[in-house]
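Participant: Given next are the chains, with one letter for each unit.
Protein chains: 2
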Amino acid sequence: MNSRLKFLLLNLFLFFALLTKAQEKITVGEKQTLFSTVLNEKREIWIHLPKTYNDTGINPAKYPVIYLLDGEINFEYYAGMSDFLAKPPYAEMPECIVVGIKNTERTRDLTPTKSGKKSPVNSNVVLFGDSGGSENFVRFIQEELKPFISKNYRTQDYSVLVGHSFGGLFAVNVLLTHPEYFNAYVANDPSLWWDNKVLISRTKDYLEKNKNFPAHKFLYVAQADNEEQNKNWNSDMTQAIEEFKEIIEKNGSLNYKHHFYENEVHGTVSYPGNYDAVKFIFKGFRTDIKKLSKNPQLLEEEYKRFSEKTGTNFLPSETYLNVVLKFMKSNDFKESEKYFNDLKHKLYPKK
Amino acid sequence: MNSRLKFLLLNLFLFFALLTKAQEKITVGEKQTLFSTVLNEKREIWIHLPKTYNDTGINPAKYPVIYLLDGEINFEYYAGMSDFLAKPPYAEMPECIVVGIKNTERTRDLTPTKSGKKSPVNSNVVLFGDSGGSENFVRFIQEELKPFISKNYRTQDYSVLVGHSFGGLFAVNVLLTHPEYFNAYVANDPSLWWDNKVLISRTKDYLEKNKNFPAHKFLYVAQADNEEQNKNWNSDMTQAIEEFKEIIEKNGSLNYKHHFYENEVHGTVSYPGNYDAVKFIFKGFRTDIKKLSKNPQLLEEEYKRFSEKTGTNFLPSETYLNVVLKFMKSNDFKESEKYFNDLKHKLYPKK
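Protein sequence lines correspond, in order, to chains A and B. Take the first sequence: its position 159, counted from the start at 1, is 159 in my numbering, and no numbers get skipped. Take the second sequence: its position 192, counted from the start at 1, is 192 in my numbering, and no numbers get skipped.
I should point out that these hints are in silico values taken from the structure, not numbers from a laboratory. A hint or two may mislead.
In this list, chains with the same sequence are indistinguishable; a pair is considered to hold if it fits within one copy or across any two.
Straight-line C-alpha distance at most 27 angstroms; calculated DSS-like pairs for lysine-lysine [to be verified]:
id: 1; residue 1: Lys-257; residue 2: Lys-279
id: 2; residue 1: Lys-118; residue 2: Lys-87
id: 3; residue 1: Lys-51; residue 2: Lys-117
id: 4; residue 1: Lys-294; residue 2: Lys-209
id: 5; residue 1: Lys-87; residue 2: Lys-25
id: 6; residue 1: Lys-31; residue 2: Lys-87
id: 7; residue 1: Lys-87; residue 2: Lys-350
id: 8; residue 1: Lys-118; residue 2: Lys-291
id: 9; residue 1: Lys-329; residue 2: Lys-117
id: 10; residue 1: Lys-117; residue 2: Lys-87
id: 11; residue 1: Lys-51; residue 2: Lys-25
id: 12; residue 1: Lys-118; residue 2: Lys-326
id: 13; residue 1: Lys-102; residue 2: Lys-51
Remember, predicted model here, so these are calculated numbers, not experimental data.
Please put together the full structure from these sequences, using the hints given.
Facilitator: Shown next as structure tokens:
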């Protein structure tokens, strides 16, 4: 090898070595692109995998999936939040895969009907011309995105749909039109005022026809204190949400929680709303590690109860069992240690 | 160049090209390592830069810095949260740099005195042998980490210290021993029971000697509903926090807020606590873009008020002014558009 070539090779190597190492980054997800035949466009998807996803010390696990609308706004804190809340020993929820969907034509995708609205600031402008595409968008999610996620990642058959504003409208509409698509729905300050409250009519129609929602479905609605909006902007936002609340609570067949956030406005309510929503949806998931020391079979009892409530079979994860085992060992609870050792080997036999 | 060399070169190139592209990642920060002479060890620091930090469309801006203890647990959601809450037009806080400090010897660094404690689960075990190093740790932050951050990043002279449990104990201790180090302090479920409530004594001593806290200091305390812990674990946790609250509220010289979270336990309270804390610390930061359309000088009035409250000069960011300008333009508020255009060019003259 002549010396000029050696020099070139060395430089090339150093250049790429620097490029790849540089600063070590803290990542919370990866971007994927898939082409949607239904929508006839490319869609960008942001995917967060839980901390243990690539842990080679445990058997490969499967995880519930949370589908998050307006991905570009909510993905980063949501990914961090789901890891934080799923961290043993205080885990309030199972570790989840979070799938953020980035918008292309937001109004088109999230609204259930074609409807315009005069701009509240300038009445010459008609907003939302390109609306009414939500049925296509949910078909994209159900027929294209979900199979894509299940094919490429290890998923458990349990999913949640999370939206805000038009995204909340979309979530409620999916619950009414395809309740079987998701196990739980989160609607932060949903735009139920849309098109003369068309979803209020749909809710009434649904309940007239079906009487009840399917078993084990969950809906969390966060309502912001839109005092400002009430006066200047969206005077019918609050009223439509309250009307919906009344109908749902009266029917009583849905695991439903509504919370009014007096210190939040329309743009901020998703942050506490999404946190409280997962706590509501996964209520009963947390087990008290200290109680298990004297009452080890409590763990399976509580998981059984939680599984019945959600209509889905949830098992203590191998990661959680390892935390429990470590606790029993370090505090010298020998009997419980043996119990959980046996349970671990029953649930997660070594390959 | 002979063909074997060409082949080698091509392969090397492809290998590194793949390595650098692969999947596009979503990053929320970068890791840095610095050697601390004070602590005589290497420390890993996680740094989150706000969305506009590298925006070449605006003048390079300076940002307040939030120092976050237990970085490895809280960094990811906190980084996402600070971006979410700083997003115009609903921004409740300025864009901030978040500096997460990863633990090495947590108990050593965060506790103010040397003290042991019998394990509540097994009384033969004495916990916290290696305690009492907080004065060294705060010297590391003040004399080494802060200069490192200011040298490598564009920082505004405003900083916040955030901690949980022993980290909350640490934050309160820094407020008492070096109140000038930070503008605001956040203590989530602080371990004020530490060493026979030594910080309660220090608080009393401080107020006896100084009468008041320095002007413009802020402290937010989040208290979890540790009912379980009260019974089984840390019976003095709650009591010490309440004692502290009483002393501080009676003195009245601190911008102080205490909130009890009835649905949170010790391990989860930081999540809502950190959110509510920034909303408390930066209360008055948010301006209503719709009001500005008819009353443009309101923006400077509100920033002036906020600057007086915090004792720090805050200006509307160029990014926010661009959002305001866009709003005025698209809604045809010509006079306000001109006003904000002039203000933008006054505050951010083109280079």
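Participant: None of the hints should be skipped; say for each whether it holds.
Facilitator: Status of the hints after comparison with the structure:
| no. | hint | result |
| --- | --- | --- |
| 1 | Lys-257 - Lys-279 | both (11 angstroms within a copy, 25 angstroms between copies) |
| 2 | Lys-118 - Lys-87 | between (47 angstroms within a copy, 26 angstroms between copies) |
| 3 | Lys-51 - Lys-117 | neither (44 angstroms within a copy, 32 angstroms between copies) |
| 4 | Lys-294 - Lys-209 | neither (50 angstroms within a copy, 50 angstroms between copies) |
| 5 | Lys-87 - Lys-25 | both (22 angstroms within a copy, 23 angstroms between copies) |
| 6 | Lys-31 - Lys-87 | both (24 angstroms within a copy, 22 angstroms between copies) |
| 7 | Lys-87 - Lys-350 | within (24 angstroms within a copy, 48 angstroms between copies) |
| 8 | Lys-118 - Lys-291 | between (59 angstroms within a copy, 20 angstroms between copies) |
| 9 | Lys-329 - Lys-117 | between (64 angstroms within a copy, 20 angstroms between copies) |
| 10 | Lys-117 - Lys-87 | between (45 angstroms within a copy, 26 angstroms between copies) |
| 11 | Lys-51 - Lys-25 | both (16 angstroms within a copy, 15 angstroms between copies) |
| 12 | Lys-118 - Lys-326 | between (62 angstroms within a copy, 19 angstroms between copies) |
| 13 | Lys-102 - Lys-51 | both (23 angstroms within a copy, 17 angstroms between copies) |
In this structure, the hints that do not hold are numbers 3 and 4, in rising order.
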